[in-house]
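Chemist: Respectively, the protein sequence lines represent chains Z and U.
Residue numbering for the first sequence follows the numbering used here, starting at 20 and increasing by one per position.
Residue numbering for the second sequence follows the numbering used here, starting at 20 and increasing by one per position.
Simulated from the structure, these hints should not be mistaken for lab results.
Possibly wrong hints are sitting among the right ones.
Some residues of chain U that are not near chain Z, with every Cβ distance over 10 Å (derived) [what the hints assert, rightly or not]:
1) Met20
2) Arg23
3) Glu51
4) His157
5) Pro177
6) Ala223
7) Leu327
8) His360
9) Glu373
10) Asp378
11) Glu529
12) Leu548
List of simulated lysine-lysine pairs, DSS-like, C-alpha gap at most 30 Å [to be verified]:
13) Z:Lys425 with Z:Lys463
14) U:Lys261 with Z:Lys208
15) U:Lys140 with U:Lys351
16) Z:Lys208 with U:Lys208
17) U:Lys208 with Z:Lys140
18) Z:Lys425 with Z:Lys402
19) Z:Lys261 with Z:Lys351
Just so we're clear, the structure is a prediction, and the values are computed from it rather than from any experiment.
Backbone N, C-alpha and C fix where the C-beta goes; we use that ideal spot for every residue, glycine too.
Number of protein chains: 2
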Amino acid sequence: MERRIAVAHGDEPADLLLRGGRLVNVVSGEIETVELAVADGEVAAIGSGYDAHEIIELSGALFAPAFIDAHIHLESSMATPPQFARAIVPRGTGTVIIDPHEIANVMGLAGVRYILAATEKLPLGVFVMAPSCVPATHLETAGADFGPDEISALLAEPRVLGLAEMMNFPGVIHRAPDVLRLLELAEGKPRDGHAPGLAGRDLAAYAAAGIGSDHECMSTEEAMAKLSLGMHIMVREGSSAKNMSALLGAVTERNSSRFLLCTDDKTPSDLVEGGHVDQLLRRAIAGGIDPVVAVQMATVNTANYFGLADRGALIPGRRADIVVFDDFESLKVSRVFNAGHLVAQGGSLISEPEVSVPDPVGSQRIENLPDAPFRIADSGAAKVRVIVASPDQLWTDAALEAPLRKDGELVSDTARDMLKLAVVERHRGTGNVGLGFIRGFGLKRGALATTVGHDSHNLLILGADDRAMAVALAAIRNLGGGKIVVGDDGVIASLPLPVAGLMSPAPIEETAAGMRSLADAARSLGCELPEPFMTLSFMALPVIPKLKLSDRGLVDVDRFEFVDLEVAD
Amino acid sequence: MERRIAVAHGDEPADLLLRGGRLVNVVSGEIETVELAVADGEVAAIGSGYDAHEIIELSGALFAPAFIDAHIHLESSMATPPQFARAIVPRGTGTVIIDPHEIANVMGLAGVRYILAATEKLPLGVFVMAPSCVPATHLETAGADFGPDEISALLAEPRVLGLAEMMNFPGVIHRAPDVLRLLELAEGKPRDGHAPGLAGRDLAAYAAAGIGSDHECMSTEEAMAKLSLGMHIMVREGSSAKNMSALLGAVTERNSSRFLLCTDDKTPSDLVEGGHVDQLLRRAIAGGIDPVVAVQMATVNTANYFGLADRGALIPGRRADIVVFDDFESLKVSRVFNAGHLVAQGGSLISEPEVSVPDPVGSQRIENLPDAPFRIADSGAAKVRVIVASPDQLWTDAALEAPLRKDGELVSDTARDMLKLAVVERHRGTGNVGLGFIRGFGLKRGALATTVGHDSHNLLILGADDRAMAVALAAIRNLGGGKIVVGDDGVIASLPLPVAGLMSPAPIEETAAGMRSLADAARSLGCELPEPFMTLSFMALPVIPKLKLSDRGLVDVDRFEFVDLEVAD
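Whole structure, please, built from the sequences with the hints as guidance.
Modeler: Put into structure tokens, the structure is as follows:
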């Protein structure tokens, strides 16, 4: 503090001086032509005429606190933390609040601790929310089960801020003791919400539990209802779920400080090509939000909600996490500083991010499988339940169809787009294989497989015939996790995701390219979905209606119970 | 939490339901026609159709979180805490942040602990900031000296939030080790500022020390400069210093969340007749501030700044501290609830506040005085320095005048309005008596005396002759502290302030009436000042220029050093 005062008073030179720029001052709400002096990684002063060891001329550029993403599942980038940082830091992101829910479902505490360790030395502030719903349901087999012990252990970590999105809103509303226990453990800390469409008494009960935020609003009315009950509104704009245009109308001069920006999920190609929080800011500003208010939603509001008193505003004593950009329209980021150090320039990191811990392999225990794991014996039932996937949403429909029968088995029917889908348990060696049929992928031959399968991340295999599915299974085993496409003569595209079957340490551009190759390969087999692997990865998620498949069988999500594949009539 | 959820979900009746009112929702920024359900003293839900054990119909009235005063010296009310609560709670105040700087200067830690104990059971939230500048200067003798030990002890108290206004801005700017030590002790806690007129590098240095607020701004420019450096702006509107009209222009939709309302000092009659935070809200709204934004400045903004996460907004889980009022123009408060209990109605408390601890007498050690304490020997110097008081401000001017001489002494000269002023040390029995002359009071005969004398609160006596001053001294001794007016035949008005010589346990209306009687009595002696005792109480404050008198002598405040009374030429 003494040095900071000395620098601010002009008695000592600063370490760094940014000169000639226009500061987006998120606390005064003004754009100010000022110098910013940095000492020991912190803002020492904003003013004029300061001396410094290093002076950088900003030539009229805008500068602001580096952006903060209020909620993201890092694993959706399919990149390990250093690669994730490579993508987002040059875009102006200084801090992310991560819910490592995916790796937690695969690897449990070890997965979360890997995320904490692997983010420690990045030129990026990474904070973690303790995943609250591992596993997401009791209808599937995950790699871990988080109870009070695991949550307590995580909340004791210095960079764990609170409890991540409480997806189990029925448990909250109906006061399930195990759910209330987790909420109590995080008393006084941020407890994020996840309550799509919740309203009325149910929403009131959810808010009464002390849930402080929600990122699932789909309309201004929903946002206002949650806001009125004290929840901060995270305006989500990710690779799949995009709610910004529906929500900006709820922002007023009297409530804007309770709005934050978040991406939730971003694919590698969307990060590489579209951007990160910078992209959200472009859209918010294009959508009519005052640029300074937009930047507040991506900086100081978020810091305030999470109690991050050391960042989020360029005022004396806070971290000199700074983004420099040309204008509010392009929001083209030219420089990024982390604690006063230039870490990115012209769209790239200055130096490759440090890989500070070995990447873990994670669980891949595909064992005890039956001899013909994809075989469905023909019991003679008239019809089978068919999952109907659609290109634009995670919800599915359910159909009843007569199955194609062959040699006493039920098999894929490419003519009617009824492909066999298998969910192979991969964490505990149970040998569980859930089997069903799915429509919407349009594959004429071959198979697709992925170890990314929300939320338990078991192995999903979809195929035109059992043989191709078997090839896919063997290939995924060889790969040690990832995504593959099997054609007539074997694997025609693959993306290894060796870290927990979710993430790759390869350059994120390569991962993005790999995803494109996979989609192209699927297309060559007749698949017409724009993002076949994105759609596939949600087919085992039994919290989103209507019909889903887990390793334990078909789930009627509306009734939240298992149903038989075959229907007598 | 479980009960709150049950009530919110409609599974259990609430304790209390407010129905038919319009909620000023400070987080959504809207005025909402909703019911508010209370359980266990907290808001359980806002919604409709709830059941409750007790239902109160609000018939279209507005209701809001009870108001918060961000900074007040309780002692300025001259009322003990229960009497202070009697005045402000019916006005809608639910919480006050107190700087007990005055009683700290008189009684030290014991004084602050008395304030903490005496406020514990009031129907009012009382939080304390640790007084940072006791004594205010080394040029006077106070009853206490707060160093790191005292500040640490206070910061460990549960209701002590941080460090009170750091008036020693030169000490901050020039990095005095003892000052920095106090700031460091309060690292991570709110550290209030006091920096009238500070600008440029000095202001930058002050802000760099982590000072989080200021309540001394006198212009929008000053407010914006401080705001830009991260300081929250407390818009002060007290009995003497009124800055609101000068500051409202700085409030914008992008920065309003960083503005708070405070009164700083309120006289008993101003509290009784004018009001408290309700009065400030009337003025802010009349001044053009959006009513919801104004209420935010008196509730949620203040709670956020001080980290009071349990209050400041009527949202689930926060205290049901509620004010009900008719409309934004009159802001006439009809009901006040504290933690869901009706504590005031129709302008009065429901029940007399509890006097939970005995009122301490405090220090009154006027000992070792010289035989003729007010005698000034004539040394033959041509002139004397004269303090020139003015009715509207705390600053004084300085004049050089030939003194009136009589029998080898310098005496009061009522013809030229040069009255003798004495500051008698009353805490440590030093026998110190500072002597000087003052112009502006216009007394033709008699004397005024007070034990309220900022900031050390020594005994101030001003008189038309030494005899009247001696009568005043004896009367104050008999009174055990307080204020008196001496006329031709002895005391003609008096107000006992037995608690530390600063406060009275009598009904605050009586204290207010006593102050009016004192002013009337002073007027009968020729004094033309509108508030003679208010003006008098600042004549010993050696931090406000230009010439002041302490128990140790005349102080040239601009040079911050003692000067002789007599000047040779």
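Chemist: Each of the hints needs a verdict: does it hold here or not?
Modeler: Consistency of the hints with the structure:
no., hint, in the structure
1, Met20, "6 Å, violated"
2, Arg23, "4 Å, violated"
3, Glu51, "6 Å, violated"
4, His157, "22 Å, holds"
5, Pro177, "14 Å, holds"
6, Ala223, "4 Å, violated"
7, Leu327, "12 Å, holds"
8, His360, "20 Å, holds"
9, Glu373, "29 Å, holds"
10, Asp378, "36 Å, holds"
11, Glu529, "42 Å, holds"
12, Leu548, "40 Å, holds"
13, Z:Lys425 with Z:Lys463, "17 Å, holds"
14, U:Lys261 with Z:Lys208, "38 Å, violated"
15, U:Lys140 with U:Lys351, "26 Å, holds"
16, Z:Lys208 with U:Lys208, "17 Å, holds"
17, U:Lys208 with Z:Lys140, "28 Å, holds"
18, Z:Lys425 with Z:Lys402, "15 Å, holds"
19, Z:Lys261 with Z:Lys351, "22 Å, holds"
Of the numbered hints listed earlier, those contradicted by the structure are 1, 2, 3, 6 and 14.
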